[in-house]
Amino acid sequence: MSDEECRAFVAAQGAETTDDELASALGAAIDRAVQSWPDLPIDRTGFAGFLGERVPSDVSLAEGLRGRALGELYLVFACLAGEPRANAELEERYLKDLVELLVRQRIARDVATETVQQLRIRLLTGERPVLRAYSGAGTLKGWLRITALREAIRAQRRAQSRDDDEISDALADDAGDPSMQYQRRLYQDEFRAAFGQAVASLSVRDRNLLKQSVLYGATVDDLGALYHVHRATAARWIASARERLAEETRQRMIDHLKIQPSEYDSILQLIQSQLDVSVVRVLG
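Position one of the sequence shown corresponds to residue 126 (the working numbering), numbered consecutively onward.
Treat each hint with caution, since some may be false.
[To be verified] Using 30 Å as the maximum straight-line C-alpha spacing, the simulated DSS-like pairs for lysine-lysine come out as follows:
(1) Lys383 x Lys221
(2) Lys266 x Lys336
(3) Lys266 x Lys221
[To be verified] Listed next, with one range per pair, are the computed distances between beta-carbon atoms:
(4) Leu382 x Arg218: 45 to 53 Å
(5) Ala213 x Arg369: 12 to 20 Å
(6) Pro209 x Arg361: 30 to 38 Å
If you're looking for bench data, these hints aren't it; they were derived computationally from the structure.
For each residue, glycine too, the CB sits at the ideal point set by N, CA and C.
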């Protein structure tokens, strides 16, 4: 670990001093990152500054980097630096399948194609390239997926003059199920109100877990590292947060609609079918 790399890191943080512990930890982090892409040119000093922009100065380096995808951060750094091989890796590993992913989420193919093409341009160009917003807190693939999905939803709304509820119908996995389409039309206002109240009732940790897993594509391994727990514990936390959100939403709808117990199952099916899409709408 060179003094130059350490100085670049602390300068990007707006700090002034370094120490041996920081130098050792930063050197190890950079080693792990560059080893993920052995075919890319190595700019350790530049990457040190890039990391410094993403790690708060009021936490330790170990805490600031915990759970971050260092290898993917290095790829992003190289892409933003204009490295052709990095851009080729980004296209092949992360962008190539985005159109089909959006189509599977009930985005019209022409909208999906145009969205991804525009995203390719905006990721790396302009005064503030979109790719600079990637912090490494979740997987790059998950971050790109939700970024593309948001853009596609906006584009589809503009193109088809749909409101949020119609877009939710288009995105839901069971959009072809007439009974579920009927349920959504029947209960859409109550569902939106109940879901918003249910989200507000969750703990901060539960809201963050749902946001990180659904919006940012964080895996149980990512979340385990972020919260200093085993991946199995992180998986249980996510499952519990989803269950609490579904149950709170269901109870509020039942209380408001005064429905019979025989209708509980259809309400629960509606909630489960819309859960991820609604998390994106409310927390995104």
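| query | Are the Cα atoms of Lys266 and Lys336 separated by 30 Å or less? | reply | Given pair Lys266, Lys336 holds - Cα atoms ~15 Å apart, limit 30 Å.
| So does Leu382 sit 45 to 53 Å from Arg218, Cβ to Cβ? | holds (47 Å)
| field | Satisfaction of hint between Lys221 and Lys383, Cα-Cα up to 30 Å | value | Violated. Lys383 to Lys221 sits at ~48 Å, over the 30 Å cutoff.
| task | Given the hint of 12 to 20 Å, check if Ala213 and Arg369 actually sit that far apart at their C-beta atoms. | result | violated (43 Å)
| task | Could you see if the CB distance from Pro209 to Arg361 stays within 30 to 38 Å? | result | violated (44 Å)
| message | Please verify whether Lys266 and Lys221 have alpha carbons no more than 30 Å apart. | response | holds (11 Å)
When the structure is compared with the earlier hints, violations turn up for hints 1, 5 and 6 and for no others.
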